[in-house]
Every structure is written in structure tokens, then in C-alpha cells.
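Novice: Assemble the complex: chain D is given as a structure, and chains W and R must be docked to it using the hints.
This is what each chain is made of:
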Amino acid sequence: MSPGPVLDVRNVSVRFGGVAAVRDVSLQLRDREVVGLIGPNGAGKSSLLGALGGQIAVASGQVLLGGQDITAAPPYRRARLGVARTFQHTSTFDGLTVYENLLVSALGAQGSGLRGSLAGGRARRQRLAVAAEATWSRLREFELADMADRYGAELSGGQRRLVEIMRCLMRSPRVLLLDEPMVGVAPHLVQRIQADCARIRDSGVAVIIVEHALEVVEAVCDRVVVMASGQVVAQASYAEAMSSGAVREAYFA
Amino acid sequence: MSFYASTLIVYFFVDVLLAWALNLQFGWGGIPNFALIMFQAAGAYAAAVVSLGPDTGVNSFQRYVFGASLPFPLPLVIAALTGGLLAAVAGSFSLRRMRRDYQAAILLIVSLIAIQVVSNAVGLLNGSNGLTGVPRPLSGLLSGLTYDGYQWVYAAWAGAIALAVYLLVARLGRSTWGRALRAVRDDEDAAATIGLNPLGLRMQAFVLGGVIAGLSGGLLVEFLAAWSPAAWGYAETFAVFTAIILGGVGNIWGVALGTLLVQVIFLQVPTFLPQVGYTGLIDALQWVLIGTLWLVCLAIRPRGLIPARRYHAVPPAPGPGTGNPR
Amino acid sequence: MLILQALGFGVVSAALIAIGAMGFTLQFGLTNVLNISYGGVMTVGAFAAFGAGELHLPMALEVAAAPLAAALLTWLLGRTLFAFYARRGAGVFEMVMVTLAVSLILQYGIDAASGEQIYRFSFPQGASLHAGVFTFTVTQLVLVALALAVFGGLEFLLRRTRLGKALRAMAVEPRLARTCGIPTGKIVNVVWLLSGALAGLAGLGYVINSLTIDASVGTGFLPLVLAAAILGRAGSTRGAVLAALLLGLVTEEVAAAGGAEYSTVAGFGILAIVLLTRPAALAGQATAKAEITV
Chain D
1 MSPGPVLDVR NVSVRFGGVA AVRDVSLQLR DREVVGLIGP NGAGKSSLLG
51 ALGGQIAVAS GQVLLGGQDI TAAPPYRRAR LGVARTFQHT STFDGLTVYE
101 NLLVSALGAQ GSGLRGSLAG GRARRQRLAV AAEATWSRLR EFELADMADR
151 YGAELSGGQR RLVEIMRCLM RSPRVLLLDE PMVGVAPHLV QRIQADCARI
201 RDSGVAVIIV EHALEVVEAV CDRVVVMASG QVVAQASYAE AMSSGAVREA
251 YFA
Chain W
1 MSFYASTLIV YFFVDVLLAW ALNLQFGWGG IPNFALIMFQ AAGAYAAAVV
51 SLGPDTGVNS FQRYVFGASL PFPLPLVIAA LTGGLLAAVA GSFSLRRMRR
101 DYQAAILLIV SLIAIQVVSN AVGLLNGSNG LTGVPRPLSG LLSGLTYDGY
151 QWVYAAWAGA IALAVYLLVA RLGRSTWGRA LRAVRDDEDA AATIGLNPLG
201 LRMQAFVLGG VIAGLSGGLL VEFLAAWSPA AWGYAETFAV FTAIILGGVG
251 NIWGVALGTL LVQVIFLQVP TFLPQVGYTG LIDALQWVLI GTLWLVCLAI
301 RPRGLIPARR YHAVPPAPGP GTGNPR
Chain R
1 MLILQALGFG VVSAALIAIG AMGFTLQFGL TNVLNISYGG VMTVGAFAAF
51 GAGELHLPMA LEVAAAPLAA ALLTWLLGRT LFAFYARRGA GVFEMVMVTL
101 AVSLILQYGI DAASGEQIYR FSFPQGASLH AGVFTFTVTQ LVLVALALAV
151 FGGLEFLLRR TRLGKALRAM AVEPRLARTC GIPTGKIVNV VWLLSGALAG
201 LAGLGYVINS LTIDASVGTG FLPLVLAAAI LGRAGSTRGA VLAALLLGLV
251 TEEVAAAGGA EYSTVAGFGI LAIVLLTRPA ALAGQATAKA EITV
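Protein chains in written order, with my numbering: chain D, 1 to 253; chain W, 1 to 326; chain R, 1 to 294.
Extracted from the complex, chain D is given alone in its bound form:
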């Protein structure tokens, strides 16, 4: 069905000063695919994610989203084109309520026009109503409706993670990048987020997860990409990667 990869990473390198954090990495991501990005600390996983999200400048290579070159696009423009991501550190909007965290994301760039928000108007009210509706149904879906009025600052670590993921989903992204989504998350919520990942994939989103907990990777990923010292050393199914010894080599080399 799908003609090409939704995300096409071609020979991407990232450098910090003289240090090459990512070297000549190529990978492709298809619709409805969850890819686990694994490897030891310092392998360049987060840098690669930054290069895909636009937070980190690419030294060479190309990033294509649905065939469109987004290598030079700033993060907010990539977001408008359909790239969503979470960060390793918590990044909820702490001075906004949970509801507002999602609503502001649902509206995105549409809500941020100064003239539009002052002028009002019917079309605008309608859009707001649609966004509010979507926010409530997302809150119910994740069973967080009774927390709608809590400030981001008042949530636990795991709840923040959920809000961050929900916030991404409000964008109806084509590609979702998750950077260690399970860090600091209580065990019962890990199960939840795992289940949610599968559901997200089934709704037509392509997902890349950077994760250290291999059992999580095994449970949710269709495929793993193993990185070591900035390079991709293996791309295979989880079982194949494990049996081939590539993972062990990457971690213990």
C-alpha cells in the first residue's frame, strides 16, 4: 500500500566540535512500524533523534519525511509537517493544566496566530470546539479525565510521561520519536505505555523508541536498530539481533 518509507534517513552525520556523535547513519521507517533504537550509552541514539527532530544540526546527510527534504527545517516546522517527539528530560508545560497541555498541542500553529486569536470568529470557535472535543476524548482514552485541571507541575513522573506522549498524539503525527519513555515510570504505567505504543502504531503512526529496557523493546518493537559509537551496527528483528550477537557486541565491544 504505502509507496515509500515515511521517514528516510540518508547518510546522516552529527558532529559536536571535533567529535562525531553520529556517523553516516541510514535507516528507513515505514507506516505502522515501531522501531527500537538501542545501544550503549554514548552510542549516538539521542543525537540521532535530535537530528531527526531538528533539535541538533546535521553535519552531512539528508532527512526526508514522506519524500520531502526536511534536513534544514527548524523543529517547529518539522512538527507542522508531522514529526512529534518526547525528550529524555520531562517536558510537560508545568504552568499549564493537563487539559491545556493537550489543547495547546491540538491547536498547534493554528492557535498561535496573534491576529486570529484576537479577532475570534465562527470558524475559529468551531476549530476550538473540535480541539476541545479531541482533547476530552484523548483524556478519556488514557483515563486521565479526572486530572484535566492539574498543573503539569503537580503530576508524578509517570503521569508526566503519559501527558507528553498524549501531547504528541494530539498532533496526529506521521512519525513519533520517543526518547526513553519509560524512565522514571512506575511499573503499572510501563504496561500502559507499552499497550499504548501498539495502539499508536495501529492507528497509522510510525514510531522510533530509544529505550534501555530491552524487555520493553522486545514487547513493542517490530524491528531494532542497534547503534554503537555513532554507527548502525545491525538492523533486524529483535530475536535476530539478539541471536546474531550484534547487540552483545555493541554493548561490550
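Because the hints were derived from the structure by calculation, they are not lab data.
For every residue, glycine included, the Cβ atom is placed at its ideal position computed from N, Cα and C.
Some clues are possibly wrong.
Residues of chain R placed beyond 10 angstroms of chain W at every Cβ, according to the derived structure [to be verified]:
1. Gln-5
2. Glu-54
3. Leu-193
4. Thr-219
Pair ranges (Cβ atoms, derived) [claimed, not checked]:
5. Thr-135(R) / Ile-282(W): 39 to 47 angstroms
6. Phe-16(D) / Leu-7(R): 34 to 42 angstroms
7. Gln-28(D) / Arg-160(R): 48 to 56 angstroms
8. Leu-176(R) / His-188(D): 31 to 39 angstroms
9. Tyr-166(W) / Arg-125(D): 20 to 28 angstroms
Specialist: Chains W and R alone, transformed into the frame defined by chain D:
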């Protein structure tokens, strides 16, 4: 007594404009604008020079640029525009992604240096002596009024402007734009990942705040008829920060209350009391107390007297087709 | 000719800025508190020396009074007031506001106590020495030598001694340093005292050079010191010295060429250019929560 009252009321409206400008920039936009007072000064100088008439030359008792005699209310419009323009210029290099304490320090430096330039470059805005003799607006038309009567008319005029700005900032605060701005304030990177342009939103808030601050400067200089570098030291900016933090950052009414307490009651009322000690002693001690007040305020009530209001989301009535059965 | 002579003034200016900026950057790099009250502390140091002079104390005591008073004050502020707010979870911006409040209290407290007067600061300038077009007084040369000595001393301390190595480790990874058994409390004490002493010296040098003193000398001098520390990157003494040299030379050259009123503007111009062209220099830790260690 009536004179004092009308003067204090004008001060309050001018100060509340400045406080709302800072609330917009800092409270909602997260920009620690330590140069705030510079934007008010820009508006004041702009309104002054375009109503003072052309500079009469070397023998004149004061020298300045862009002299003109524009009719009311053009000087105020120019004051607002100047504040906004200066904000666009200052914002072009100070709003980039950087640590907030760096940003504060850079804006503080900009403000301190602007004062030095204006004080030392005499031909620009008459140096440290400042400008005097700024004509009061419509004084010809209102010449039938007593001095006291004019004061009250001016207070009402200032109040009308404050009301207009209130309506604007209240609307901005509630708007989706305001929410997007607060998202940028809370986490710039995350805001970008939901499609918001952090630099653009901040710049809009900064320029809007600059416009309001410039307007407040124009309003003040036409009332005081004089303006000089002594009126815009960094301490003045600090007083506005103290006012909005004491009142409640992010809450328009809290900010107004803080302004009333700090700027009017604490800073202005004592100037009408009898003199104690040498000239300036009370001023100096006031600043010492303002500094202390801030330290106490941060220690015991960091969110202010009237904290920002929590947004209460109302769920839609559950009906057929809405909600998720799960 | 004038331009060349201005180079000489520039070096003296740079020396004063450098002493201040090294103290500032040392403290900022370690504690992460962008300490605006540093300006007020410079004033306190200058006034301590002025007071000692008024009391006709020996010159050695007069000179020592500045760093001693400033060091003590900075240490007290850091250990009591700043530590109090840091314990309550104040972020980097709240700490700036705290130090700004202290700055106001110091400046206007001195203002009130000194009767809002500008005093003459008499200090022996020594003979004038000529070398080509350059003219320096002995005192000016001593100030330049002092700046070099401070730089050498700090470099030695930071790179060659155990304390300095521990200090650098702590500036990078405070939490790790603590768990490694580095005496962090002691190091913070040293840094507050040292940076305070340098603030006092810078304040003293400033009034020796300008020959007048009032309550706003330190806060007036602060922008250049801050600009040097920011340009040179927080925590880098070498960067601070280089930036100070640049700022000192440029401000004096501009003063010689175009009038004194534009000299600080030029300094600011440099800062603006650097900000516009090298934003990355300041972008570090933009979102990462910088840990305050006081």
C-alpha cells in the same frame, strides 16, 4: 489634597500599564526583561521631542533630535511605536535560546548602557539634565479648566487608556495565543515539537510589551512635562518586578494590586510626606526597603497575593457519539 | 598618536575589567548564581579602602581593606542569604532577582550612609613613566601587574593544585563531585571568599583610576565586568581575561577617536555582535536545569 490624589491616580495608571507590559513579557512569555524601564523611557523621550517643537539650536537651553510640534494624540502614538520598535531591535539579539539568567543579564546591560549613552550624548536627548517644558496635551482646548481640574481630566484620560490596554491584555491572556506563549515559557523545545515557533511568539510578546511600555512613557511625560535619565535607573525596573511578583505573576488583577501596593503606596506616597534628613535620603532608603521587600516576598509568598488563575476545563455533556467507551 | 596612546589606557582599563571579570566568572562558573550584587560588593570594597584612608591608616591597610571587606561580605551573602533561597528551590532566574535585590540594598544603603556625595579618592599615583608614546603612572603599572598576578595565581590554583582540580570537577559535575568525597562546602567557601576579594580589588582599582568615589561606582562598572565574563564564557578565567582585554582596548580606542560617551556603547556593540554571530556560545544549558551550588 485633591492635587495629590489626582497625581497618584495618574501614576497608578501609568505604572499599571508598565506592569501589564512586564506581565505579558515575563509572566506569560518568560522573558526576564531587565530593560523594561528603557522601553518606557523610549516612549517618554519620543513623545517629548515630537511635542517640544524643533530644537532651536546651539543657544537653546536644551538640545535634542527629531524636534516637532505634533498635535494630540500623535505624540502618544509615536511613543507606543517607539517602544515597540526598540523592543524589536533589542529582541532581535536577546530573545534567542539561552539561559534565562544570561538573558536577564544581557537585557540589564542593554538598559544600563542606554542610560550612559543618553546621559553622555548631550545633543541626543539633552544628556543627564533631560528634557523639560514638554507641553501638556490639549492645554489650549482645556484652558478654561483650573490646574486641579486639568489634573482630574488627565487622570480620567489615563484611566481610559488603562482600560483599553486592560481589555487587550485580558483578551490576550485568555486567547489561544496566550496559551501558546505560556507553553513556550514553560518549555521552549517541547513547544517547538507541537508546531509553535518559540522565537516568533516571544518576539510578538516582547514587541507588544514594548508598545505598552512606550505608551506608558508617553502618558507619563506629558503629565510630568519633564524626563531625564534619573527617571529610568535599573531600580525602577526592579520595582515593577517586585510589584508583579508580590501581586501575582500571570494574574492581571494581582499585578494591578501589586502595582498599587509597591509603586503607589510604597514608592509614591512618601514623597508627599515632610522631608526627613538630607534630600534623597528617603529615596535611597525606599530602594533599600524595596530590595528587602522582594527578599521577604520571595521567601514567604513566592506565588503572590493573587496567584494566576487555574484554567478550569469543562467537559462536554456526554451524549451519543461522544467520548470513548473504553 | 592619540590612537596609540589610547592603547595604553586600554591596557589599564582591561586590567581592571579583568580582575573583576575573573572573580565574577570563577564564582558564576562554580555556583551558577549570576551575581548582580557583585557591583555593589565592588562599591563596598572601594568604600572600605576609602574609609581606611579617611582614618589615616597606613597605606597597606587601606589597600588590604578593600579585598578583605568585599571577601567577607560576599562569603556572608553566599553562605546565608543565597544559600537560604537555593535551599528553597530557587531557580537561576530567582537567584538573579535575589542578587539584584542585594545590589539595590547595598547601593542605596551606601548612598544613604554616604549622604549621596561624590568624594575625591586621593591615592598616590607615583611618577609618570614614558615609553615611546605611552605614558603610565607607577600605580597604573601596578594595577596591570596585579591583574597579571591574579591571572597567573588563578591559573596555578585551578590547574596545578588539588583544590583547583576539585573545584573544576565540581563546576562540571557538582553531584558527582559530592559523592566522590570532594569537600564541596570548603570549596564553595573558598570561591565566595576569592571572588569577593577580587571584587574588592577591582572596585579599589576602579576608584584609584578614576579618582572619585560614590555609591554607584560598582554598579556603574558592573556592565563591563559582566560583559567580559559573558563573552569569555562562564567559568573560564582565560576567556574572561581575553574578553576584558578586547573590551578595554575597544572602549579606550573609541573614547580617543570619537568621544568618551561612546566608549561603553562600543563595548556593548561587541557583545551584541558576538551574540548575533555566535549564539551557540550562550546556548549551552538553555533548558537543562543548571544546578545552583551555594
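Novice: All hints are to be evaluated individually against the structure, with a verdict given for each.
Specialist: How the hints compare with the structure:
1. No beta-carbon of chain W is positioned within 10 angstroms of the beta-carbon of Gln-5(R); the least distance is around 21 angstroms.
2. Glu-54(R), annotated as away from the interface, keeps every beta carbon of chain W farther than 10 angstroms; the closest lies near 19 angstroms.
3. With a minimum CB-CB distance of about 23 angstroms to chain W, Leu-193(R) clears the 10 angstroms threshold, and the non-interface call stands.
4. Taking the minimum C-beta to C-beta distance to chain W, about 8 angstroms, the non-interface status of Thr-219(R) is violated against the 10 angstroms cut.
5. The given range of 39 to 47 angstroms is respected by Thr-135(R) and Ile-282(W), whose C-beta atoms sit roughly 45 angstroms from each other.
6. The given range of 34 to 42 angstroms is respected by Phe-16(D) and Leu-7(R), whose C-beta atoms sit roughly 38 angstroms from each other.
7. At about 53 angstroms, the CB distance of Gln-28(D) to Arg-160(R) agrees with the hint of 48 to 56 angstroms.
8. A C-beta distance of roughly 32 angstroms is found between Leu-176(R) and His-188(D), which places it inside the suggested range of 31 to 39 angstroms.
9. Between Tyr-166(W) and Arg-125(D) the Cβ separation comes to about 23 angstroms, which falls inside the hinted range of 20 to 28 angstroms.
In the structure shown, a violation is registered for the earlier hint numbered 4 alone.
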